[in-house]
Each structure stands twice: as structure tokens, then as C-alpha cells.
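Using the hints provided, position chain H relative to the given structure of chain W.
In order, the protein sequence lines correspond to chains W and H. Here the first sequence is numbered in this note's numbering, starting from 2 and rising by one per residue. Here the second sequence is numbered in this note's numbering, starting from 2 and rising by one per residue.
What the hints contain is simulated information worked out from the structure, not anything from laboratory work. Predicted model, so just to flag it, every value in this text is computed and none were measured. Any given hint could be a false lead.
Which copy? The list can't say, so a pair holds if one copy fits it or any two copies do.
As the list claims (entries may be wrong) - Straight-line distance between alpha carbons at most 20 Å, and here's what the computed EDC-like set of lysine to aspartate or glutamate pairs gives:
id : residue 1 : residue 2
1  : 83        : 304
2  : 108       : 375
3  : 324       : 121
4  : 83        : 327
5  : 324       : 73
6  : 26        : 297
2 protein chains.
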Amino acid sequence: MTKNFNFHINAIDGRARTGVVQTPKGDIRTPAFMPVGTAATVKAMLPENVRATGADILLGNTYHLMLRPGAERVHNLGGLHKFMNWDRPILTDSGGYQVMSLTDLRKLTEEGVKFRSHVDGSEHNLTPEYSMEIQRLLGSDIVMCFDECTPYPATESEARKSMDLSMRWADRSRNAFGDRPGYALFGIQQGSTFKDMREESANKLIELGFDGYAVGGLAVGEGQEMMFEVLEYAPEQLPSDKPRYLMGVGKPDDIVGAVQRGIDMFDCVLPSRSGRNGQAWTRMGSVNMRNARHRDDSRPLDENCTCPCCANYSRAYLHHVHKAGEIISSMLLTWHNLHYYQELMQGLRDAIAAGTLDAFVTEFHAARAVGDIEPL
Amino acid sequence: MTKNFNFHINAIDGRARTGVVQTPKGDIRTPAFMPVGTAATVKAMLPENVRATGADILLGNTYHLMLRPGAERVHNLGGLHKFMNWDRPILTDSGGYQVMSLTDLRKLTEEGVKFRSHVDGSEHNLTPEYSMEIQRLLGSDIVMCFDECTPYPATESEARKSMDLSMRWADRSRNAFGDRPGYALFGIQQGSTFKDMREESANKLIELGFDGYAVGGLAVGEGQEMMFEVLEYAPEQLPSDKPRYLMGVGKPDDIVGAVQRGIDMFDCVLPSRSGRNGQAWTRMGSVNMRNARHRDDSRPLDENCTCPCCANYSRAYLHHVHKAGEIISSMLLTWHNLHYYQELMQGLRDAIAAGTLDAFVTEFHAARAVGDIEPL
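This is chain W alone, in the form it adopts within the complex:
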């Protein structure tokens, strides 16, 4: 199949859009939430069940996969899709974000980032060219440019230095990626919280030409208010006919606000990580299953939810298995959380298509204002 990579917008409501990213491995309905499958698994889930929640695409982490099991090895085994039993689209990050967070183990130069593996201490040199090669070996459908995620807060001169470096790396990523029909390369806008610098970054990326554009450097501690402030202008600086991806976001209300501001794609470990920690996300907000108030509660987590966790188990059971450290706790709560996230995305898509996004958002916040159901 040589079908190419495309983005079709089906409807617009305010600044929000709904559409489809077409790839040879399947369509991605937008706004889309991508569950994170760091080390070739969405933790505590079988891939067919991730799909059943409504996920069209997964995210894989270049940093983790290059170290273990190794990109070359995954390639020789038939690629990441076959390796992890997921035949739909996969987006991989560039590894830049993770290596940068190894504060004491890495050295940043114009060339790239030298770092030591957290797995075995071995030395590696991640560059834009090498990142493109790794993502190609993995078989990623959507490849991300190698960039530096500007830390927050940053002074204007720090932000400029970082953005300029990322743009030079974007150029090198673009060249190294070359022309690969059916595969996409996304650029990443930087510029911290400076509107003009974001504009400049966007223009540089547009000049290079990408299949999609990420808003980078957010969700790094700036808080929702500041993030939304940047999202008032950053997405619209990027091409309207290409998918816009907000990396590493986020909580349900972050996603809703970002969709309202023109974002099409999201990824976040939150639903899976909080599931393992006993935290559930529902229409009513977040619910801590560790809390003793659930101990005798025969009601499901959310009686309106159709996921297997809510259909088959009581809050009392979820409380018990979490307290007992049972794996099924992670399995059920991750499943529920991913289901809730995908249901939220479907709600957003439907509302945009119907031109009723404002009402949807009002209702979303109203349900959360009421909060979780009363203890028995």
C-alpha cells in the first residue's frame, strides 16, 4: 500500500477542528489522544484492548526503545508494529526530551546530545540524523524532529538560543528524513512563552516544510493558565491545513482547552500512569481508589461508563485490589482511564462536527464542578 499521509478537516467550530489524518496503516480521527507505549507496551494493557478503547494511534519513545531492546533489533524483528502487535499508526518522539531530562548524565553540543544509558551506563550520541535513523528503523509512521525542549521558565535570550538550536536541528532532521512516502515528519515549534519567537519558529518550520507541526516546550511546569495563554496564538501561527500536536498533554481539562484553541493531537502518560497509582479519571474529575470511603461501595467507578472495569467491578473491588497490590488493579484502572480519555475525544469530535463545542465544554466543566458521587 503506497497511500500517502494526508490530513482532512471535516468541520470547524471556533478555532477547534475535527478531521482525519490518513496514513497507510489507518486513519487517525482528530482531535486524537495517543496512549503512550514507552517500551513497546502501553503499560498493563494488551494492544487489542487499547484499540478497543478507541485509540487510533500509539506513541513510542525513541529514547527507551533505542536503549532496550535497541532499534536495530526491533528492525530485524520486523519493526515496532509487529514487535508489539499493533498494526495501526505509531508516532515516535525524537528522544530529545528524555535525554535532556538526564541532567547529570548528558552533554549538549551543536552536534547533538551525548548521554549515558539509565539501563546499563553505556554511552550514546543522539543527533538529529541518528534520531531520524532510529525512528526509521523502528518503522514509526509519524516521526518527530530532534529538538531541545526549552525548559521553563526561560529568559528571552535562553529561549532564543534554544529555539535557534532546535530550528537548526529541524533543518538537519528534515534533510536526514528525506522523502519517505507514507511516512510523516513533524516539526516542533519552540519559543517558550514569547509570542514573536513562537512566530519566528513557526515560520522557519513552514519554510522547511513538514507534514504536521507540534507545539513544543509546553506542559513543562508552566501551569494551565500560562499554557492556554501560549495556545491563544501558537497553534494559529502554524499551518491550518496540517495537524497540530501538543506534546505531553495532559489532564482532561488541559485537552479540552487546547482543542478549543486549535490543537488536533495529544499524548500523555497520565491515564496509564495514574491508573497504576490507583487514580481514576471520570466525567466527575479524578477519583482516588486508595481512599477508604470506597471499601464497602458496591457501585461502579462511573455508572455511565461502558468500559469492562465499570461494567464488571465495584469500587470496593477496585479499592481492595489496589490496596493488595494486585496487577489487575493497574489493568482495570488503566483500561478505564484510556476508555474515558477516548470517550472524551469522541465527545469533542462529535461536538465540533455538530457545531456545539461550547455547550459540550460547559457540560464538561459542570460535571466536574459537582465532583465524584457521594460516599455511601
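Just chain H now, kept in the frame of chain W:
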């Protein structure tokens, strides 16, 4: 439904039998392997997937459940079946084995066993009467008598003292259980490795009258040779028209040998526990997925196995996710191991029905003699 508890033998081959234990919650095909769901979950499995492997019945642990979440609580929540989303038969042990193993935390008297909880240090007094009450509150379909599992090795006088106590407790268990149509009470034969004492124990139990009989006090360190020596006579001392249950057994070859010697029911944590430890059980024996020889192996664990683990994943993937400490490793290997165990039981049932058990056993041992597939 008031259907009663029954056992029908459909075919006999040598000393081996195949049949069906009928209960109001469904049939149990024998010889049967019961996966262990200690704390109201078969670890790392959803119950519908345990069922899909072919399990007709699960085992729950009275000791664990009485401490957390508590039998009273489970009862108020609708019973163990509803609590853990398993609507087929459940057998519970009496708690005796686990409290006895709390060597430093328990005190044994004629009355029962006083012990401290490993969860919160609280003090409990488990007696035959209380064990019956807990198992009733849980809603167990097959209730086990409260007994002392005689340690191995035991002198003749130690074994007698222990067996006599267990028989007095069997009497009290029988009285406390009373008459509960649709529910079964199993007696447990003791007597260590002494044939006459086993006979005496069996006769005492038969006198009291039970719906099924367990061979107790085996799989406690005596080794397969000694276990089989006892199984040469112990099962036949028990009524031939009632199910015979060998508690806590075992490895595949233990099960095969015990079926040949007239055992109908088994339970063991081995397939699930070894799955979590990266050990797989196949026709060829056991395979350690931690071994680096699997690192680049694109072949499934067992190419003749139809479980989701073998259908969808390579040895390389299983090696990777186990090394990376991913939950999916426990999920996939537990699933495979339970599938393998149930397939073995089906093979045994079919062979007994066809009168070809000897050939089946010869083939079973031949495949294991060849061992695991050659490394790539």
C-alpha cells in the same frame, strides 16, 4: 437454581478417571486444574480470560480473603463470585495451610489456630467452625475442612498426633457446615507417608461423609518420587464415586503422574507465579524467558500453541518486556501458562475417554525429553 452437587465418571483408564463434577454454578470437567485466585484475582489475568483458557473453577484462599478485604465485607458485597466477576464454581481452602506456615505468628491448640495478620498485625482465631463460616460468607461452592497439613518429614507419632487432630477438626467442620444443598464440603486425608495411617484417616472421613476427598499433606517438600509412592495407595483408600483432590499440585509431570494414580482435581500457583517470574511452561518443559538466547528470536514461545501470547508475540518481545519489568510480561506468560495447563488437562481427559492414557503419557514425556527448541 437448586441443582445439587454431583460427580459423574464418564470413563476409566487404568486408575485414571474422567468425568464431570456438577454444581449449580456450572460443570467442572475432570481431571481439572484450578487456577489460584488468592486475593480475589488470578494474578495478572482478567477472569474472562482465565475462563477462555478452559478453567471451569477457581480456587480462593480463605486466609488472605478473611484478612483483606474480609469475609463479612465480601458477603455484604454479594459474595466472592460477584466481587471478582467469576460466576462459575469457586473452591476455597480452609485457611489452615496458610496460618500454619506463619511459624512465628501462630499458636496451635485443640480449639484452632491463633495468629497475627501479616497485613496489619491484628489477632485472629481460626477454628473449624470459623473457617466454615468464612467460606460460607465468601459463597464458596466447594468448602474445604479445616485441617492441619502435617509437615514433612514427620515421625510416625508426629504424623498420628497431627492426623488425629485433623480428624477431630474434620468432624467439627462437618457439623459446622451442616446441610447446604448445592454446596459441597470436602474432607482432607492426612497420615503423612504412612499407608495404614492414611487408611485410617480415609475411613474416618468416609464415616463422617463428604462430597469429595482431598489427599492432604503432599507437595510439602517430599519430592515427586515419595509423592507418587503415597499416591500408589492414598487415592484408592478414598471413595471411588467421589472426586479426589490433590492439594497444591503441581508441575505438569506431577499432575500427569497423579492423574494416572486416580486424582481428579488439582490447584497450584505454579503457572501464574512462574509466569510473573518469566518462566513459561510448554510441551517441551519449562523455558526461562530471561535467558539472553531469546533476545533476537522471532519465533513464538511454542509454535503449536494457540494462546494469544504465542499467536501474537515473539520470544524476543517476551524477553524484552520481562527484562524491562513491564506488566504485560506477567499478563502474557500467565495467560500462556494457564492455557498450557488447561490444554494438558483436556489432553488427559480426552486420552482417558479414548482409553489411550498410556500413549498420551509416553508422548508427554518424549516431548519433554527433547526439550525446548534450539536457539537461533
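Now for the hints, and whether the structure bears them out:
When the C-alpha separation of residue 83 and residue 304 is checked against a cutoff of 20 Å, the pair qualifies only between copies, where the shortest distance is 16 Å, while the shortest distance within a copy is 36 Å. Taking identical chains as interchangeable, the C-alpha atoms of residue 108 and residue 375 are never at most 20 Å apart, the minima being 52 Å within one chain and 43 Å between chains. With identical chains, the CA atoms of residue 324 and residue 121 are at most 20 Å apart between copies only, with a shortest distance of 12 Å across copies and 33 Å within one. For a Cα distance limit of 20 Å, the shortest separation of residue 83 from residue 327 across copies, 18 Å, qualifies, whereas the shortest one inside one copy, 29 Å, does not.
In this homomeric assembly, residue 324 and residue 73 come within 20 Å of each other (Cα to Cα) only across copies, at 18 Å, whereas the closest approach inside a single copy is 40 Å. Taking CA atoms no more than 20 Å apart as the test, residue 26 paired with residue 297 passes in neither setting, with 46 Å inside one copy and 25 Å between copies.
Hints 2, 6, counting from the list given before, are not met by this structure.
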